[in-house]
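Student: Sequence:
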Amino acid sequence: LFTLFTSNMIGIVFCRSIHYQFYSWYFHTIPYLLLIDGSHNFVLGAMRILILAGIEYAYNIFPATPLSSAILQICHLLILLWVIAFAKFPKIVVSSP
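926 is the number of the first residue of the sequence shown in my numbering; add one for each residue after it.
Hints listed in this document are in silico derivations from the structure and should not be mistaken for laboratory results.
For each residue, glycine too, the CB sits at the ideal point set by N, CA and C.
Certain hints may be false.
[What the hints assert, rightly or not] Ranges between beta-carbon positions, derived for each pair:
hint	residue 1	residue 2	range
1	V1018	H965	26 to 32 Å
2	P991	S1020	52 to 58 Å
3	P991	S949	48 to 54 Å
4	P988	Y957	15 to 21 Å
5	N966	Y945	31 to 37 Å
6	P988	N966	16 to 22 Å
7	S1020	S949	41 to 47 Å
8	S994	S949	17 to 23 Å
Using the sequences plus the hints, can you model the full thing?
Tutor: Encoded structure:
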């Protein structure tokens, strides 16, 4: 799941336009990606809530404004940076013959 959800988020961060319909097929991946670190720190928890609130705010503004679009792009970028910073990637073990 991690690889699929992360690949999907990379596509969302770098896509040229985001439509309201897209939210229906990736909203369930956001909590998974934000909780990937497994931390129970209050500050990180507050940041998670702010990112989720920013995405909800941006998608509930119709028609989109420059501010809502900027908030959405910033939140998506923060999620991607979150995954890069906090995910525990598997170690690649190379065995010699």
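Student: Is 41 to 47 Å right for how far apart the beta carbons of S1020 and S949 are?
Tutor: holds (44 Å)
Student: Do the beta carbons of S994 and S949 sit within 17 to 23 Å of each other?
Tutor: Between S994 and S949, where Cβ atoms are some 18 Å apart, the hint holds.
Student: Determine whether the Cβ-Cβ distance between P991 and S1020 falls within the hinted range of 52 to 58 Å.
Tutor: Holds: the Cβ-Cβ distance is about 53 Å, inside 52 to 58 Å.
Student: Given a hint of 48 to 54 Å, does the C-beta separation of P991 and S949 actually sit inside it?
Tutor: The hinted range 48 to 54 Å is violated for P991 and S949, with Cβ atoms some 24 Å apart.
Student: Given the hint of 16 to 22 Å, is the C-beta distance from P988 to N966 inside that range or not?
Tutor: The hinted range 16 to 22 Å is violated for P988 and N966, with Cβ atoms some 37 Å apart.
Student: How does the Cβ-Cβ distance of V1018 and H965 compare with 26 to 32 Å: does it lie in that range?
Tutor: holds (30 Å)
Student: Against the range 15 to 21 Å, how does the distance between the Cβ atoms of P988 and Y957 compare: consistent or not?
Tutor: Violated: the Cβ-Cβ distance is about 30 Å, outside 15 to 21 Å.
Student: How does the Cβ-Cβ distance of N966 and Y945 compare with 31 to 37 Å: does it lie in that range?
Tutor: holds (33 Å)
Checked against the numbered hints listed earlier, the structure breaks hints 3, 4, 6; every other hint is satisfied.
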